[in-house]
Amino acid sequence: MTPRSWFQRMRHVWLPVLLLLSASPEMKAQGAFEQSLAGAGISPAVFQSELRDYWQTGSGLALYWSVPFYAGDLEFRAGFLPMKSRRQNIPSINNVFTTLNWRMPAELTRRLSVSGGFLIGNNFMYRPSAGIMDGPESEFMAGLTGMIHFRLSPTLSLRAGLEQIRIYTYHKINLTSPQMGIEVHFDSPRWLKQLLQ
Numbered sequence: 001m002t003p004r005s006w007f008q009r010m011r012h013v014w015l016p017v018l019l020l021l022s023a024s025p026e027m028k029a030q031g032a033f034e035q036s037l038a039g040a041g042i043s044p045a046v047f048q049s050e051l052r053d054y055w056q057t058g059s060g061l062a063l064y065w066s067v068p069f070y071a072g073d074l075e076f077r078a079g080f081l082p083m084k085s086r087r088q089n090i091p092s093i094n095n096v097f098t099t100l101n102w103r104m105p106a107e108l109t110r111r112l113s114v115s116g117g118f119l120i121g122n123n124f125m126y127r128p129s130a131g132i133m134d135g136p137e138s139e140f141m142a143g144l145t146g147m148i149h150f151r152l153s154p155t156l157s158l159r160a161g162l163e164q165i166r167i168y169t170y171h172k173i174n175l176t177s178p179q180m181g182i183e184v185h186f187d188s189p190r191w192l193k194q195l196l197q
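Using this note's numbering, read the sequence shown as starting at 1 and increasing by one per residue.
Certain hints may be false.
Below, simulated SDA-like cross-link-like pairs (lysine to any residue); rule was C-alpha separation at most 25 Å, straight line [stated by the list, open to error]:
| id | residue 1 | residue 2 |
| --- | --- | --- |
| 1 | Lys172 | Gly146 |
| 2 | Lys84 | Ser36 |
| 3 | Lys172 | Leu61 |
| 4 | Lys172 | Arg87 |
| 5 | Lys172 | Asn94 |
No wet-lab data here; the hints were simulated from the structure.
Turn these sequences into a full structure, and let the hints guide you.
This is the structure:
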């Protein structure tokens, strides 16, 4: 499936939802960009294809920043995932992810909430060892994401979740990535709210 065909299928699901939610007075009044959330976590990944015979994924790391949007939450994330070669004639690879995530949250209790949505972004792949054929690559990526958030205090929370990601290389890479991290909540700076609004 190409990125274009993926979006053509997904738009029938998430575009109507976005339009309905953005038209809702409750959503417009929720205070878009008023609060910020910054966090860090681990994000290992498991191959869902024959590529597991060639590389072993290491422990990934991620940094992220999230704000409430007019509908749902927007999250900007940068992540790192090493892939160690299982074969002598194949180089190891490092991956640097930069993604824009959108999720719709739902509060279950005062401390517990869940969220689900999608992500799109770029995967920058490079080889740690230099060589003639070791040029970097930059590939489109997209996926689905679901999270559980547990509030420890007004300013601190934990989160855990699962992402299903597809990287559109020549041989498509499908990854299942469990997520675990810690989040800090704070009021967005005035200059940031003005810039985003």
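Here's how the hints hold up against the structure:
1. Lys172 <-> Gly146: Within the cut-off at roughly 22 Å; holds.
2. Lys84 <-> Ser36: violated, 35 Å
3. Lys172 <-> Leu61: holds, 22 Å
4. Lys172 <-> Arg87: It holds: about 20 Å lies between the C-alpha atoms, which stays within 25 Å.
5. Lys172 <-> Asn94: holds, 16 Å
Violation of the numbered hints given earlier is confined to hint 2; every other hint is satisfied by the structure.
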